[in-house]
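K.L.:
Each chain is listed here by its residues.
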Amino acid sequence: MTQSTKDKTPTASSVQGPAGPSTEVDPAQIIRPKSLTAGNRLPKWFMPAVLAGAAVLGAAISSAIGFTITLWLILTAILYVIGVYTITRIKVGPRKATDMLWRNLVYIAFVLALIPLVSVIYSVSVVGFQGLTNPGFLTSEFVDADGRRMRSSVDQGTEAGEHGVMGGIAHALVGSLAITLTATIISVPIGLLTSIYLVEYARGGPLSRGITFFVDVMTGIPSIVAGLFGAAAMVFFLGIGNSLGLPMPSQSRMGLTAAVALCVLMIPVVVRTTEEMLRVVPNELREASYALGVRKWRTILKVVIPTAISGIAAGVTLAVARVIGETAPILITAGMTEFINWNMVSGWMATLPVFIYEQFTRPTDPNFSDPSHQRAWGAALVLIMIVMTLNLIARLVAHFFAPKKTGR
Amino acid sequence: MTPDESQTSVKTSQDTRAGRKAAKKASSDQNNLVSKDKAGAGVDRGFALLAKFAGIFILIILAFVAIFLTYNSFEAIYREDEGLVIGRFLSYAWPLIVGTLTVSIIALCISAPVAVGVALYISHYAPPRLSKSIGYVIDLLAAIPSVVYGAWGMVFLSGYLANFYVWVHEWFSWIPLFAGTPSATGRTVFTASVVLSVMILPIITSVAREIFIQTPKLHEEAALALGATRWEMIKMAVFPFARAGIISGIMLGLGRALGETMAVVMVLSAGSFTWSIISSGNNTIPAEIARNFGETGDGTERWHQLIAIGLVLFIITLIVNMVARWIVSRNKEFSGAN
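As they're listed, the protein sequences go chains R and P. For the first sequence, the working numbering assigns the number 408 to the last residue and increments by one with no breaks. For the second sequence, the working numbering assigns the number 1338 to the last residue and increments by one with no breaks.
Don't read these hints as lab results, they were simulated from the structure. Given the structure is predicted, the values throughout are model-derived calculations rather than measurements. C-beta atoms are modelled at their ideal positions from N, C-alpha and C, and glycine is treated no differently. No incorrect hints appear here.
Now the stretches of chain P that chain R is said to cover, found in silico as 3 or more residues with beta-carbon under 8 angstroms: (1) 1225-1233; (2) 1249-1263.
Example chain R residues on the side facing chain P (calculated, C-beta under 10 angstroms, incomplete): (3) L105; (4) S223; (5) M336.
Just need the whole structure built from these sequences, with the hints factored in.
P.N.:
Below you can see the structure in the form of structure tokens.
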């Protein structure tokens, strides 16, 4: 029944709506001259003309007040919206005018959303490229030419023109890599096994409903709270370890603490994405496997997971992309250092986001912050490129390695 | 063809000797045949338990989060030597709570209309062929790390807005929000809110877009067929269907804004509480923690205070997220918000 109605229903494009173009003259025009769909439509050049008029008028008013491009654009937008509304209202009617008004507002909302994106990418790439092309930016630690710790006198040297901008981000790259990798190694098995439990074993019992609910709750944990948890938990466990006389790290601020904090943020993402992927594996595959006498765990490992592997890989990549840009939890758990530190359980560890933060808020030379800003924007560019690449990889993996759709 | 099947066959044929013998023979034959799969029912059960334990482990982690925060917060309101110091904690906490709410709510007021507009543009206005790639572009906003937004707000945006603050102060200083000396650097609550609004925009947009797309095509076409303009169609068919979804998207955005740290830390030059949103001052909970936690010694009263204020933040975001989910579940039957 529904199927047959659907077939007869005109598609969206054929009922284009009142605003849509209709070339042939229809009888309605003769009977109802004020019809919305037929006559009384404003000519095609109407909107560009109003826009041009608004631009000119906006320029005139803004130059009277004191010309800035921002003011001019804002005035033009306002005048354009008002102009289109008024003219349409007079020429066609209030309903069409309201339609046009909201249409323009929606378009403006879209443009408004694009402005920050363009502005951020522009500001990152302009100074960032400059920072990125400084010699040794990617390969050296945060040190001067002699391998000593960066300090304000080095940047003063840059100001005096003695040498270029010194100091690299190798230590931050290593730290980001180590912490994110550790967090991934901890979270992915837990997250994947949980979603296997939810999809394959749980039958809507209280435990599975509880897990689903609390995974939702975990998704909403603020990242700074996750950092607090990591710090508090590490202090607690170090205390227990010390009282038992076990050899324990001397202080709680270290890479592992940051990784634990990131796990709290990463696990729910992994659970939700992999759960979705496991659910779309067709049940026929499982049943075929059971019919051959294969055990459940083997079915899961050899049939279900290989079918969903592309989606799982994409989900994990997205989760990594999300935590690699996290700043707050790492800032309060792993801190900052100038040198490469591979040791997860001892000493401060630098990461890219924290490096960016420190360089902006505490420039190496407070009186001449240009080198610090260059390094920070350069690091931001590297970070954005890493995140975008991971996102791209996730999409490509999901697209190209997706299981073939069978002709069922 | 697995060991436990052969066991059942042993059980069922226990009544006769001959049957048992035959079954034994069969089972040994089967054992020869299936020797490849040595892993038996034990592994199966073990794997199930492992999966179950992973799920329980998540619950344990969350319980740990709650327990650690509560346990460590306790000493912020009770000192062994001084007794109950709840008043001191409250006077420390309330400006931060009000500041957090102010920043988030302003961000929401800026972001929500724009985000719904963008979602409408993608679902109902953009050329159908482009709408998917436009969705990707908006998702790019979500992919940019928060620290980069913070840097952008601190270096670029605040400078632009500083002039605007002078102008607003000149004309609207009779409103308490715009009273007070406008900040010369532009690093104020309002700037932080603008940066936050950019960060939560993709969240609200993606939730709203999903639901706008799910509006029944027949409803939309019926409205158009009755002569509704496109806006009237959206008002009559799309919004009633998507209302719960929009609200839950906004609540999710609020949850994100409340917990967002880096943008506020980098943009806002924090200070004591003030109602003015265009002069420097105010602070938020996440920013307070991020600024001070690194330098605070483990176990001091300050340390406990920071954890306690984190617990307060945790509870606020929890409530906001729960309300969002509750709205969705309440309206599940009537709309596409599920």
